[in-house]
Amino acid sequence: MANIVQFENVGLRYGTGQDAGQETLSDISFTLRSGAFYFLTGASGAGKTSLLKLLYLAQRPSRGIIRLFGEDAVLLPRDRMPGFRRRIGVVFQDFRLVPHLSTWDNIALPLRVAGMAEASIRQPVEEMLAWVGLAARADARPATLSGGEQQRVAIARAVIARPEMLVADEPTGNVDPDMAERLLHLFDSLNKLGTTVVVATHDLHLLNRIPNAQMMRLDKGRLLDPTGSLRYPPPPRMDA
Amino acid sequence: MNAPEHRVLDEAGGVRAMTWVMGIMLFLTMLALALGLGTASAARLLERQLAGRLTVQIVDGNAVRRDRDAGRILTVLRRRPEVARAQPVDRAALTRLLRPWLGSDGADPDLPVPAMIDVDLVGQDDRGIARVVQAVRAVTPAARVDRHENWMSPVSSFMQALTWLAFALVLLMASATAAVVVLAARAGLEMHRATIEVMHMLGSTDRQVARLFQRRVALDAAIGGSGGALAAAGVILFIATRLEGLGSELLNGIGLSSSDWIILAALPLVFLLLATAAARLTIVRALRTSL
Numbered sequence: 000m001a002n003i004v005q006f007e008n009v010g011l012r013y014g015t016g017q018d019a020g021q022e023t024l025s026d027i028s029f030t031l032r033s034g035a036f037y038f039l040t041g042a043s044g045a046g047k048t049s050l051l052k053l054l055y056l057a058q059r060p061s062r063g064i065i066r067l068f069g070e071d072a073v074l075l076p077r078d079r080m081p082g083f084r085r086r087i088g089v090v091f092q093d094f095r096l097v098p099h100l101s102t103w104d105n106i107a108l109p110l111r112v113a114g115m116a117e118a119s120i121r122q123p124v125e126e127m128l129a130w131v132g133l134a135a136r137a138d139a140r141p142a143t144l145s146g147g148e149q150q151r152v153a154i155a156r157a158v159i160a161r162p163e164m165l166v167a168d169e170p171t172g173n174v175d176p177d178m179a180e181r182l183l184h185l186f187d188s189l190n191k192l193g194t195t196v197v198v199a200t201h202d203l204h205l206l207n208r209i210p211n212a213q214m215m216r217l218d219k220g221r222l223l224d225p226t227g228s229l230r231y232p233p234p235p236r237m238d239a
Numbered sequence: 000m001n002a003p004e005h006r007v008l009d010e011a012g013g014v015r016a017m018t019w020v021m022g023i024m025l026f027l028t029m030l031a032l033a034l035g036l037g038t039a040s041a042a043r044l045l046e047r048q049l050a051g052r053l054t055v056q057i058v059d060g061n062a063v064r065r066d067r068d069a070g071r072i073l074t075v076l077r078r079r080p081e082v083a084r085a086q087p088v089d090r091a092a093l094t095r096l097l098r099p100w101l102g103s104d105g106a107d108p109d110l111p112v113p114a115m116i117d118v119d120l121v122g123q124d125d126r127g128i129a130r131v132v133q134a135v136r137a138v139t140p141a142a143r144v145d146r147h148e149n150w151m152s153p154v155s156s157f158m159q160a161l162t163w164l165a166f167a168l169v170l171l172m173a174s175a176t177a178a179v180v181v182l183a184a185r186a187g188l189e190m191h192r193a194t195i196e197v198m199h200m201l202g203s204t205d206r207q208v209a210r211l212f213q214r215r216v217a218l219d220a221a222i223g224g225s226g227g228a229l230a231a232a233g234v235i236l237f238i239a240t241r242l243e244g245l246g247s248e249l250l251n252g253i254g255l256s257s258s259d260w261i262i263l264a265a266l267p268l269v270f271l272l273l274a275t276a277a278a279r280l281t282i283v284r285a286l287r288t289s290l
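Protein sequence lines correspond, in order, to chains A and B. Each residue of the first sequence is one higher than the one before, counting from 0 in numbering that gives the first Met the number 0. Each residue of the second sequence is one higher than the one before, counting from 0 in numbering that gives the first Met the number 0.
Treat the hints as calculated values from the structure; they're not laboratory data. Warning: the hint list may mix true and false statements.
[As the list claims (entries may be wrong)] Computed footprint of chain B on chain A, listed as stretches where at least three residues anywhere in the stretch have a Cβ under 8 Å from a Cβ of chain B:
(1) 52-66
(2) 109-115
[Claimed, not checked] Partial chain A-side listing against chain B, Cβ under 7 Å, derived:
(3) P76
(4) R84
(5) R95
(6) V97
(7) K191
(8) L206
[As the list claims (entries may be wrong)] Non-contacting residues of chain B with respect to chain A, defined by C-beta distances greater than 10 Å in every case (computed):
(9) A62
(10) V63
(11) R90
(12) N149
(13) Q159
(14) G226
(15) L229
(16) L242
(17) L245
(18) S258
(19) A285
(20) L290
None of these values were measured; they are calculated from a predicted model. Positions of the beta carbon are idealized from the N, C-alpha and C atoms, including for glycine.
From just these sequences and the hints, can you work out the full model?
Have a look at this one:
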């Protein structure tokens, strides 16, 4: 399997000049293989979300090299970013649903952004709605959905365009165990179809659900692996 | 992005303030443009009418000599190639003109009123006019020749100033409209920042995001502009009717030709293009600073 992501000595510091704080991420080096499944774990404030932001191009690093889909992502010109972003599905921790759009339209958004014809959108959206169990809430606005329902919409939106890489920040944080299981199964199915999946979570119970998943652990902005590469083979799984 | 995407920006609330602003701006701009086109047309007409016209006055207390000189001058004028038409102003017409000042005394045949001849020239060549003046003076030095152009030049200048003022107002109004659109686009960008960030993360290009705003501004310009244009057209037609009713030769010149109406009809479209271009430039420029 080829590398889809490569980080070399990446550091991230928010702010510039005198306003710059301490490094949120320091000396991060790892590679993600295309088609693999990764969990990113760590305590709150360890830097999981910041690392994911670098992965889905919401942030540029303060230093280091990031290669994404075989290209230098740090020096990537702005006009090429949309093309890269369309290859990445993102489940945001705070969902970030568009408040004025219905569930249906929120899920359809990536397909419309990609320029897909309206006639071709209906079927995948309805399949996805059924998959996340929200067919009955297709017309509901995000404000009228529960936290769990919003999270499922966010997940459906992230995966509908069949991205090459799926990045999910605490995707099961607001759903019940059954739904968490189903969502992970959805991620696993996507992974089996070739999508590289990166799930940030502090829920260690999830790690056992995906047999072939690998794990990265972050602690205070550093990867807990002195070599700076992924622990491979995966560490022993913890029991639920 | 496809058609339903416009809903990404909250368009709830129906007709918005921006629609009213566009309507009012277009209403005012159209009136200013109509004034400019009308006065320009009147100034042109005035120039055409006055440029080639002269009045010859024979001022002589001796009525017999005055009438004899007037007859000779008329004969001379009618032979000149520069003259298209020479027509004496009859005594009755002069009496009518004098009535407001002299009352019935103006009709007194002993009143030493000058004899007058209206002259229409073939061209507006200064040398030709000088030759005509010379020919008239050769008959009698008591003859005075007045160019209508000279009498009316302050009016003509005033009309031209009004025309330029109206066109300057059109430019100002267009600039103000563009500025309003820029401010509205910036405010909209701020209001929808979170949504735009999501759109970017989903792979939207700056152009796609700008199109959302452009569409919205275009809609405001189309709805508001149509209303403003219709209202302005109503006002212009009303004023045109009132001007016709005044029966003034000068004011009747302030008319709009069919080409003027075409220009006025194109104004809403120009506004729409201006507004969408301003929105697009503002949004694309602002988005460049984001990642």
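Among the hints numbered above, which are violated by the structure, and what are their numbers in rising order? When the structure is compared with the hints, numbers 3, 7, 8, 20 turn out to be violated.
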